[in-house]
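Peer 1: Residue numbers (this note's numbering), protein chains in the order written: chain A, 1 to 433; chain B, 434 to 769; chain C, 770 to 1057.
Read the hints as simulated data drawn from the structure, not as lab findings. From the three backbone atoms N, C-alpha and C, an ideal C-beta is built for every residue, glycine too. Check before you lean on any hint, since a few could be wrong.
[Said to hold, decoys possible] Calculated cross-link-like contacts (lysine to any residue; reagent style SDA-like; alpha-carbon spacing at most 20 Å):
1) B/K527 x B/G541
2) B/K436 x C/L942
3) B/K436 x C/M857
[What the hints assert, rightly or not] Calculated Cβ distances over 12 Å to all of chain B for the following chain A residues:
4) P114
5) N127
6) P132
7) D142
8) E161
9) A248
10) A323
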Amino acid sequence: MKKSFIVLALLALIVSIPAFAQDDMAACTVTAPEDATEVNMIGWSFPITDFYAAELELCSDVDNLTVNTQLLASADAQEQVRLALSTGADSPYDIVHLSNGQVGEWAGAGWLLPLNDLIEEYSEQYNLDDIPQTAWDGVTIDGQIYGVPVVSNTLHFIYREDIFEEFGIAVPDTYQEVIAACETIGLDNRDFDAPFTINLSAGWAWEIEFFQFLRAFGGDFLNEDLTPAFNGQEGVQAVELILDVANACMGDFGYSFNLNDQEVAVQLGTLPATNMWASRAANMSDPERTDLVDVISYAPAPRVSEDSPRAGSAWNDYYAIPATAVNDPELIFQIIMEAADEESQQRAAEFGSTTRLSTAEFGGPYLEAAGVTVAEGIGIYDKHPAIGIVRAKLGEFLPLIGTGDLTPQEALDAAAEAYLEEAIAQGYIEASE
Amino acid sequence: MSKVTNPFGRLLIHLVLIVFAIYSAFPFFWTTLQSFKTFRDANSRTPLFWGFTPTWENYQEVWLRSVPETGGATLAFFLLLIVVLLISALIFAKYIPVPDSIVYAVVGIGFVILLWAIPQLADVSQFYDYFINTLIVTVGTIVVSISIGCLAGYGLARYAGLLGVIILISALAFRALPRLAFILPYFYIGTVTGLNDTYFLVIITLVAVNQPFTIWMLRSFFMEIPKELEESAMVDGASRLEAFVRVIVPIVWPGIISTALFSLLLAYNEFLLVRLLTQSNWTLPVAISRFTGGEDPRHLTLAAASAVSATIPIMLVILFFQKNLVKGLTAGAVKG
Amino acid sequence: MKRGTFFAFSSPSIVIMTLLMLIPLLMAIYLGMTRLNFQNVTSPEFIGLANYVNVLEDEQFWRAFRFTALYIVMVVPMVIIVGFTIAMVLDQVSVVTRGIYLSIFLLPFIIVPIVGSLMFKQLFEASGPLTYLYQEIFDVRYRPTEFSVKAMIIFYGVWYITPFTLVVYFAGLQTLPGDLMEAASIDGASWHEKIRFIIVPHVQSLTIFVLLFCIMDTYRVFDSVFVLSDNLNPIYRANSIMTYTFQQATLVQNLGKANAMAIITVIGILIVLIPNLYMSYKEQIAER
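Only chain A is shown next, with the shape it has when bound in the complex:
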């Protein structure tokens, strides 16, 4: 009896299949390899990298070529890359996605292939001069270029014009003004999830916010001699300001607000303001997702005090080739270029901010705010491999401040101690007596 039901249910399923929709895409122009080749890419997904992944996969139409893209959550994707590349064996991946945060760690460890020759060879064909020097600089160590910049990114301020007007709030230029704005709107205002959020929902998210605030206060991760500098006075100031913002604007709720929650809440109108990655801002002007396209506005990242730089960094995301990749680097480079060429970046601009100067005009209304943030912001991570350790340790200890386990000074000192131990063990710092 029961089994006949299964058959009936499956038949019903078949009958209900509606007509499939149409979809057209541009073709891939890579030269077909002689033997069957499988190219694997790993990365993390946000709207514009999803688009690029689809572009890369188009190359599967080329004879003898299959391109697979594997997208995970960011921390998980990075973990997979570490698992794969740390071993020194043949890499299962031919293309890896990385951002400024990983450049020092991965390139410094010798995991990535320098691309200088390929870039020179193809510079003209793909008009690579169109990508600004600053983007290349972010992935260059000692003259070796380790990746192709595909996304430019920063955290900027996004707010609801109409609500700010209603409450008589001017667009904040400093976090002190942000806190004042939050107090005006009110933490217990039942119309909203919270007045404003920054992303403190994970260790890496804490670390990114901390880095921006720290640099804006004039501090930095490391001293010249690679000893930790982040647990000094600026570090404590940075954490305390983050906590002030969190307390005034997010309450208990806000700590769990991840990027998804922020995005959906803004689209649904339950979040009047937030700090958002430029790479996601495009979704805010997508009428299929929100009715609020006309009232969502963008501003540069706030400063930590009136004369400080803006607490926003100049991020880039890159596609790189592992040093241990098995396939022909020239072929892989061409495939990367499928995603990074002018034609595809023009279309990518719909999903996030691209790297080519010539594609700027295709981008969304957030680009100006993002541009100002980058220009007046705090720059990028240093590219020393020790930075990877700092980020890992800060990611481990900073969230413990939010949970009330550690005071800012304790957390920073604990991270500094853990960093020192590891940096000495890896030979970046001489052990002191």
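Following the hints, put chains B and C in place on chain A, whose structure we already have.
Peer 2: Okay, now just chains B and C, sitting in the frame of chain A:
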């Protein structure tokens, strides 16, 4: 136990069972609903149980790299029709006038051909590859695990020496240990030998972590068989192995299927081991964990669609073998 | 059966278990004594017992331990009580109806845990029906907090494991001698007396079995914690021992300490299990 007879009591009993059924099935039900919603409907702050326009978009996006311009619906129709025919053949095998084993073999080959043909006919996405990986890993684990497990289970059921006891007890202890105590060294072994990211390493390690449970369970089934059976076969001139294969295995077959179901669930479900030991040949649980990081709002519906996609095959298998599963669950217990 | 034949039959299985369980375990003990991360995977550096000491002094490890203990203490009794109760009720209905109910009840057990917890989480998303219900009833906004995430993990544990205890108890009830119950009825025993004096003693050995297996499986909880705490988000402080070990290995990239942690867990669980292993040993010896 004596049955409650008063009508109010009967009503109450069914009420309790229905509430518990809803509780058991509701997460699956809701996820299925979500998987057929558009982005906006799925994110509505008032949960929509009805009044939304169902869409296949999420399933298309999970399973297909690109949607064919024409003929997609026809193709999907015929593919599903073939699946239904194959499953019907399985269900009604005993009415088909050829031996059951031939029907099963034909259906099996039919499924393999179908799985091979789908990527030639449609532009399938990575998810299909992960699905195939899962099938390979699951089938590989079951075959290896059950073959060696049967031999060992039989040996342990018939051998009376102290060594047998020691092996059984060590196996029980291993069964209880945290999996990470093995997986971290596996990762190390895989790195040193270059076996990381291969089916071989995943299958062989899954077999190993599954082995203690398998031999205990199979042993309990073999213990139920009287010794006289194989002894009489051996008197007739069969070797011990021949007697085992020809006489014992057919009798214990339902028990072997029960054990195989547990191997299936283990291999199909495994997340941690596959996550650490593979970098590109993922199975479904790892592929689906991509949607859990909260970094893209569209993941809400895509997660729902892939969750339902991963659940349906296992539901079909269990519906066929529910009796064996229940038997397996109670095998060790009721005797003990 | 002779010892030689026994080895002939069992050797493939024994070889696999030795090579892939015993040796890795010994390796883990050694790797726990090394400084090992992703930069020096091929050349670990021996540092003695430092990692082991480090684990025992690690406040977060003990927090993970406490949450795991809480999880066991909450989930195990609950699945036993709920499973037993529903089994008793299920025993009251006809055979055909049972089959239908049972296939629905088994659903949580057969769904891939990663997927099951993901489905569970969908109920608590901002758009989820339970979130909506909570907000309507209590008239406050629901956001995940440490408490709610932990409660969700425990709730999922109960949901996921109950089918196992249910089926075991249900099978146990089928072996209940009918005449005993009849005799009790004739003696005028009330239903709770029957439960207390006949049924509970009858399923006692089952309860021990279920208890053992539930503890063995619950202390290893990983998948549901991973998904329900948003990929091990530290703000929920909901690490179990397993997830914290995993985090040490991957996120913190301290493979040496992770190995040490796994070994300490092994020692811990063995201490809990030794009486039981000894009992099984006695039982097996007696059977011969």
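Peer 1: For each hint, tell me whether it holds in the structure or not.
Peer 2: To see whether the hints hold, each was checked on the structure:
1. B/K527 x B/G541: The hint holds at about 16 Å.
2. B/K436 x C/L942: holds, 13 Å
3. B/K436 x C/M857: holds, 10 Å
4. P114: holds, 23 Å
5. N127: holds, 27 Å
6. P132: holds, 27 Å
7. D142: holds, 28 Å
8. E161: Holds, because the least Cβ-Cβ distance between A/E161 and chain B comes to about 22 Å, which exceeds 12 Å.
9. A248: holds, 24 Å
10. A323: Non-interface label stands for A/A323: nearest chain B Cβ at 16 Å, farther than 12 Å.
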